Amino acid sequence: MPIEVEIVSPEKVLFSRAVDMAVMPGLEGDIAAMPDHAPMMLLLRGGVVELYQDGAVTDRFFVAGGFADLTATRCTILADQATVLADLSVDAAQARLAGLEASYEAADKMNVPALDLLMEKMQSARAEIEAAGGQAA
Amino acid sequence: MASLKELRARIGSVKSTKKITSAMKMVAAAKLRRAQTRAEAARPYATAMRRMLAELGRSAKGQTGLPVLLAGTGNDKVHLLVPMTSDRGLAGAFNANINRVTRNLIRRLQAEGKTVRLLPVGRKGHDYLIREFADLIVDHVHGSGGREIPFSAAAELGEAITSRLEKGEFDVCTVIYNRFNNVMSQTPTELQLVPLAMPGNDDAAAAPDAPVYEFEPGEEELLSRLLPRNLQVQLYATMLESAAGEQGARMTAMDSATRNAGKAIDRLTLTYNRTRQTNITNELIEIISGAQAV
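Chains as they are written, first to last, in the working numbering: chain C, 1 to 137; chain F, 1001 to 1294.
Check the hints yourself; a few may be wrong.
Cross-link-like lysine-lysine pairs, in silico, DSS-like; alpha carbons within 25 Å at most [stated by the list, open to error]:
{"#": "1", "chain 1": "F", "residue 1": "LYS1031", "chain 2": "C", "residue 2": "LYS12"}
{"#": "2", "chain 1": "C", "residue 1": "LYS12", "chain 2": "C", "residue 2": "LYS109"}
{"#": "3", "chain 1": "F", "residue 1": "LYS1015", "chain 2": "F", "residue 2": "LYS1025"}
{"#": "4", "chain 1": "C", "residue 1": "LYS121", "chain 2": "F", "residue 2": "LYS1167"}
{"#": "5", "chain 1": "F", "residue 1": "LYS1005", "chain 2": "F", "residue 2": "LYS1015"}
{"#": "6", "chain 1": "F", "residue 1": "LYS1019", "chain 2": "F", "residue 2": "LYS1263"}
{"#": "7", "chain 1": "F", "residue 1": "LYS1167", "chain 2": "F", "residue 2": "LYS1015"}
{"#": "8", "chain 1": "F", "residue 1": "LYS1114", "chain 2": "F", "residue 2": "LYS1077"}
{"#": "9", "chain 1": "F", "residue 1": "LYS1167", "chain 2": "C", "residue 2": "LYS109"}
Incomplete in silico selection of chain C near chain F, CB under 10 Å [claimed, not checked]:
{"#": "10", "residue": "LEU27"}
{"#": "11", "residue": "LEU43"}
{"#": "12", "residue": "THR71"}
Not close to chain F: a few residues of chain C, all C-beta gaps over 10 Å, as computed [as the list claims (entries may be wrong)]:
{"#": "13", "residue": "ALA92"}
{"#": "14", "residue": "SER103"}
{"#": "15", "residue": "LEU115"}
These are computed hints drawn from the structure, not numbers from a lab. Predicted model, so just to flag it, every value in this text is computed and none were measured. Don't be surprised by glycine CBs; every beta carbon is placed ideally from N, CA and C.
Required output: the full structure, derived from the provided sequences and hints.
Structural data, given as structure tokens:
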């Protein structure tokens, strides 16, 4: 029995199909969505969503954080930003990472929530570089 | 009576006006279709987000210390209004409607003794409001100028609003935008964003055997992430609707302008022909009477 997976960015629906399994990067570890999974809502970190069909990966998407809503029959991934893995650019991600590192250095070190947010963004950028096949600095 | 030369010039100028308005109508029609497609493409995200929020809200109900975005500051003193207008004019009453509604709302809130702050989006609204309410404007954001609206525009605006709320600069935030009914009509609508009107609270009782969700990380953490995102998504949706409405309004306005120009040309041509005929008749009379006199 397949599970309906939808990957949605604020702009549009990127992927909507029934697959056997979807592995997504949860904030506290990767989680696989399979049929009859207990209903669950989770935060996503930046990373790669892999969709499995007949034991093999059919599609890979990079998501830069977001939310996922899992139920027994359906899995909706609300990505802040989602890209097909092939369209990722190492250079763009590296440039973004450099910008984030600079603003992390410049940020007020007492403002912990803001630092956490920047840290998360940096991790997402690093994951993007890795997913695109580059070497994270 | 205008001379033939003057009439010819006027017909010429109305004709070129008509060309411009009909071209603008075509452009607006093309842009409208694109804007509508985009608005539709953005809907699934908003729908899914609402579903998740409803779910979270249900399990968080009755808890204290909810985020201010959801529960509000507990006060109702300072209102932040976000009127959404376009950057460009020539769209009929599109911007005037928003400005009128905003103005009435400001007056009403002030009469109730509330403090009003303004954060206009789009140049037209800002230009209008700065004349009368310059001291109320805290910031303003330019619209997209008719180009595609990236989600980041809504994200920035949402972050700006959230940070103002966290600093306690306002208690209630309302967006005033043109809701897209159809190409012909847009309704100025007030939408309260903060505190959030929780969606779907009423169906909570209807499904007592609904599965119990697990949350990872906890509900609070999720809510605190989901709410700002929801604000951005709602803003994005209103921006897209407003953009589609702008093109619709412009199309309608330019359509009637083209028709009016056509009518004006007909009228002027009629006058022109009559004047010409009169001139010929006059000349003939002059020649004939001159010939008779000889």
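Against the structure, the hints:
Distance restraint check for LYS1031 of chain F and LYS12 of chain C: the Cα-Cα separation of roughly 18 Å lies within the 25 Å cut-off, and the hinted pair is therefore satisfied. Only pairs whose Cα atoms come within 25 Å are accepted, and LYS12 of chain C paired with LYS109 of chain C is rejected, the gap being roughly 37 Å. At most 25 Å may separate the alpha-carbon atoms for a hinted pair to count; LYS1015 of chain F and LYS1025 of chain F meet this at roughly 15 Å. Restraint check for LYS121 of chain C and LYS1167 of chain F: the C-alpha separation of about 23 Å stays at or below 25 Å, so the hint holds.
Distance restraint check for LYS1005 of chain F and LYS1015 of chain F: the Cα-Cα separation of roughly 15 Å lies within the 25 Å cut-off, and the hinted pair is therefore satisfied. Distance check on the hinted pair: LYS1019 of chain F and LYS1263 of chain F sit about 14 Å apart at the alpha-carbon level, within 25 Å; holds. For the hint linking LYS1167 of chain F to LYS1015 of chain F, the alpha-carbon distance of about 56 Å lies beyond 25 Å, and the restraint is violated. Straight-line distance between C-alpha atoms of LYS1114 of chain F and LYS1077 of chain F comes to about 5 Å, which keeps the hinted pair within the 25 Å bound.
A C-alpha spacing of about 19 Å is found between LYS1167 of chain F and LYS109 of chain C, which places the hinted pair at or below 25 Å, so the restraint holds. The beta carbon of LEU27 of chain C is positioned within 10 Å of a beta carbon in chain F (closest approach about 6 Å), and the interface hint is therefore held. Interface restraint check: LEU43 of chain C against chain F, minimum CB-CB distance 6 Å, threshold 10 Å, status holds. Checking THR71 of chain C against chain F: minimum C-beta separation of about 7 Å stays under 10 Å; hint holds.
Consistency note on ALA92 of chain C: stated as away from chain F, and its beta-carbon is indeed over 10 Å from all of that chain's, at 15 Å minimum. Every CB of chain F lies more than 10 Å from the CB of SER103 of chain C, the least distance being 14 Å, so the non-interface label holds. Every CB of chain F is more than 10 Å from the CB of LEU115 of chain C (nearest about 16 Å), matching its label as outside the interface.
Of the numbered hints given earlier, the model fails hints 2 and 7; all others are met.
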